[in-house]
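Heads up: the protein sequence lines correspond to chains A and B, in order.
Heads up, the final residue of the first sequence is numbered 335 in this note's numbering, and it's a clean run with no missing numbers.
Heads up, the final residue of the second sequence is numbered 132 in this note's numbering, and it's a clean run with no missing numbers.
Mixed in with the good hints there might be a few duds.
To be verified - Mimicking DSBU-like on lysine-lysine, the simulated pairs with C-alpha atoms at most 30 angstroms apart in a straight line are:
{"id": "1", "chain 1": "A", "residue 1": "222", "chain 2": "A", "residue 2": "309"}
{"id": "2", "chain 1": "A", "residue 1": "297", "chain 2": "A", "residue 2": "222"}
{"id": "3", "chain 1": "A", "residue 1": "85", "chain 2": "B", "residue 2": "130"}
{"id": "4", "chain 1": "B", "residue 1": "19", "chain 2": "B", "residue 2": "130"}
{"id": "5", "chain 1": "A", "residue 1": "309", "chain 2": "A", "residue 2": "297"}
{"id": "6", "chain 1": "B", "residue 1": "18", "chain 2": "B", "residue 2": "130"}
{"id": "7", "chain 1": "B", "residue 1": "19", "chain 2": "A", "residue 2": "85"}
{"id": "8", "chain 1": "B", "residue 1": "18", "chain 2": "A", "residue 2": "163"}
In case anyone wonders, no lab produced these hints; they're calculated from the structure.
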Amino acid sequence: MEATIGGTDEAPPQNNFEREYARALSEYLLTGGEGPLEEAYELGRQSLTAGDGVLLMLQYHHNAMAAVLRGAPSLGDPLEVISKSCQFFAECMSPFEMTHRAIGDANIALHRLNETLEEEVRRIALALHDDAGQLMVAVHLSLDEATRDMPPDVQARMNGVKALLGLVEERIRDLSHELRPAMLDHLGLVPAVEFLAANFRQRTGLQITVESSLNGRLPPKFAIVFYRVIQEALTNVRRHAQATRVRIQIGRRGNWIRCQVTDNGVGFDPASAVNAGLPGLGLQGIRERMNVLGGKLRIQSAQGQGTKLEITAPLQQVDHADSDTPRRRPSGST
Amino acid sequence: MTIRSNQDILEARKKVRELATALEFPFIDRTLIASAISELGRNIVHHAEHGEISMRSDETLGATGIVITASDNGPRLRDVRATLPEGTSPAGTLGLGLPGVRRIMDEFEIVSRPRQGTTVTVKKWKPQ
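Could you put the whole structure together from the sequences, leaning on the hints where they help?
As C-alpha cells, then:
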C-alpha cells in the first residue's frame, strides 16, 4: 500500500473493494441518497466477513476520499463534505460495531463459564474428598472385620490388598487437592501455592522456591485465577522445559498484582510456540483467564535461555453483572 | 412494506432513516437503526420468499422510540432456538444477523411458530 494516511499525493493502486468503495462514496458525495449508504453497509459487512480490520477500513476510506477529491476538487461546502464522508464511513463500520459488541458479550459468557467450571471442579473435589474418602474408610473397616478370623496366609495377602487400597486413597486425596485446594479457600493464595510447589517438588524432583511480598488476602476470584495460572505454568515446565529449578515470585505494586514463574530450562521461541500450538493450548488458557481479570501475560524466553512467565492484573475489576439487559430503556417501561 | 429483494431493503432503510431523522435521533443511532433494517431484511430474503417490515414511532413515559417489526411466513419450518445461537456460520461467529440486531437495538423479541413464520420486533429509544 503506497499512500498512507497523511501520505503522498500519488494515486495508490486500488483493488476491487477499493474501487467499489470509491465509486459508492463518490456517488454519495455528489448525489446523496440511501443507495450508496446501503452499499457502504454491505461493503463493510463483506470486508468484515473477509477478515479485514478497522484500521484497514480507515485506510480504504482515506484512499477513496483522496481519489474522489482528486477527481472532483470542488464538491462544495467542506463541512458538508466531511459530514457526508463521515456518514458513509459510519455505515461501513456499522457491521464492525456488531462484532465489537459481540466480543463484549462473549467475554462475559467466558467469564461466567469459567466461574461455572470452577464451581463444578469444587463440587467434584469435595465429592472425591468426602464421599470417596468416607467409602474408603468403610472398605478398610469391612476388610479388617472380614479377615479377622482367617488363616494367617490369607491375612498376609489381604494386607497386600489393603496397602494397594491405601495408595488409591492417597491418590484420591491428591486429586482432590489438585482439583480445588481447600487451602486456597481457607488460607489464601500463597500457602496454597507453597503446598502446590511442595507436591510438585515431591513428584518431579524440581527445586521450586516460592517468594511472596503480598500482605493480606486477595479476593477469591482473583486468587483462583493466579493459582490456576501458576499450576499451568508448572505443568508446562515439567512437560517441556527440562529444567531443574523454578522460582515463583508473587508481589504487589500499587494496585497491580504480579506473579513471575522463572525456570532454568531449555527455553523456546514464544512466537513460534503459540503459532505452532505446541504448549499453545495451555498458554491460550492462561491468556483467556488473564483477560477475564483485565490482566496481562508476558513470556520471555529463547532457546537455551530458560523461560520467564509473568502475569499482572489490576485489583479493581469491572463488574460484568446484568449485562443481558438492554443498554438503554425508558424507566418504568416493560 | 413487502420485502422480496435487496431493492425493497433499500426502500425500507430509506423510510426508517427518514423516520429517525424526523424524530431527531442522533447520527450514530440513525446508522444503527438502518443497519438493523439491513439485517432483518437480509434474514427475510435469505430464509423466506418474502415478508413484511413495518416501522413506527412509539411514545412511552416521555421517551421516544422507533419500533420495527419484521415478519415472514417462511415456508421453511424454523426453530427460534436455532435462529439465535451464534458460532455456526461465519456471519454468526462475527455477531452479525439477528444476534447483531439484538445488540445494536435496545429491545428485541422473536416469535416463531411452525408453519406460521417468524416475527421479530425491535425497539430503539432516543437517548434523553
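Hints, one by one, checked against the model:
1. A:222 - A:309: 24 angstroms, holds
2. A:297 - A:222: Distance ~16 angstroms between residue 297 of chain A and residue 222 of chain A Cα, so the pair holds.
3. A:85 - B:130: 22 angstroms, holds
4. B:19 - B:130: 17 angstroms, holds
5. A:309 - A:297: Distance of about 14 angstroms is within 30 angstroms: holds.
6. B:18 - B:130: It holds: about 19 angstroms lies between the C-alpha atoms, which stays within 30 angstroms.
7. B:19 - A:85: Roughly 19 angstroms between the alpha carbons, so the hint for residue 19 of chain B and residue 85 of chain A holds.
8. B:18 - A:163: 81 angstroms, violated
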